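Working from the sequences, and respecting the hints, build out all of it.
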Amino acid sequence: MSLTREQAAHIAELAKLELSDAEIERLARQLSDILAYAEMLNQLDTTAIAPTASVIPNQNIMRADTLAPSLPRASVLQNAPDTDANREFLRVRAILDE
Numbered sequence: 001m002s003l004t005r006e007q008a009a010h011i012a013e014l015a016k017l018e019l020s021d022a023e024i025e026r027l028a029r030q031l032s033d034i035l036a037y038a039e040m041l042n043q044l045d046t047t048a049i050a051p052t053a054s055v056i057p058n059q060n061i062m063r064a065d066t067l068a069p070s071l072p073r074a075s076v077l078q079n080a081p082d083t084d085a086n087r088e089f090l091r092v093r094a095i096l097d098e
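The numbers in the working numbering rise by one with no breaks, and the one at position 16 of the sequence shown is 16.
To be clear, the hints were calculated from the coordinates, so they are not data collected in a lab.
Take these hints with a grain of salt, some might be off.
What the hints assert, rightly or not - Listed next, with one range per pair, are the computed distances between beta-carbon atoms:
1) 14 with 71: 29 to 35 Å
2) 11 with 43: 53 to 59 Å
3) 18 with 47: 42 to 48 Å
4) 34 with 76: 54 to 60 Å
5) 95 with 33: 39 to 45 Å
6) 88 with 65: 27 to 33 Å
7) 50 with 6: 56 to 62 Å
Bear in mind the structure is a predicted one, so any value in this text is a computation, not a measurement.
Cβ coordinates follow ideal geometry from the N, Cα and C atoms, glycine included.
Okay, here's the thing in structure tokens:
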């Protein structure tokens with residue numbers, strides 16, 4: 001597929017590019033070459049390739065989401081810089097403006 005000068009100018013307008021006449025001509029040639037290459041790729045037989053095929057051996061790096069008991073409150077609060085009087089809750093400095 002070959003792009004016309006008008007089509008290339010329209011694409012440049014959509015991309016908000018201010019191009020000279022020579023740059024529009026070059027853009028038309030380059031985009032035509034890209035479209036021709038894409039058309040060549042469309043002619044390849046990909047029926048034997050799964051749609052999710054990848055050349056990179058991907059693997060899940062996330063750990064399994066398993067249920068585990070939480071830490072006891074006392075051990076969590078033992079290193080806390082500030083707690084309430086009964087040592088049941090963490091206290092933090094307010095970050096909201098008044």
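Here's how the hints hold up against the structure:
1. 14 with 71: 29 to 35 Å: 57 Å, violated
2. 11 with 43: 53 to 59 Å: 24 Å, violated
3. 18 with 47: 42 to 48 Å: 45 Å, holds
4. 34 with 76: 54 to 60 Å: Between residue 34 and residue 76, where Cβ atoms are some 58 Å apart, the hint holds.
5. 95 with 33: 39 to 45 Å: 56 Å, violated
6. 88 with 65: 27 to 33 Å: At 29 Å between Cβs, range holds.
7. 50 with 6: 56 to 62 Å: 41 Å, violated
The structure fails to meet hints 1, 2, 5, 7 from the earlier list, while all remaining hints are met.
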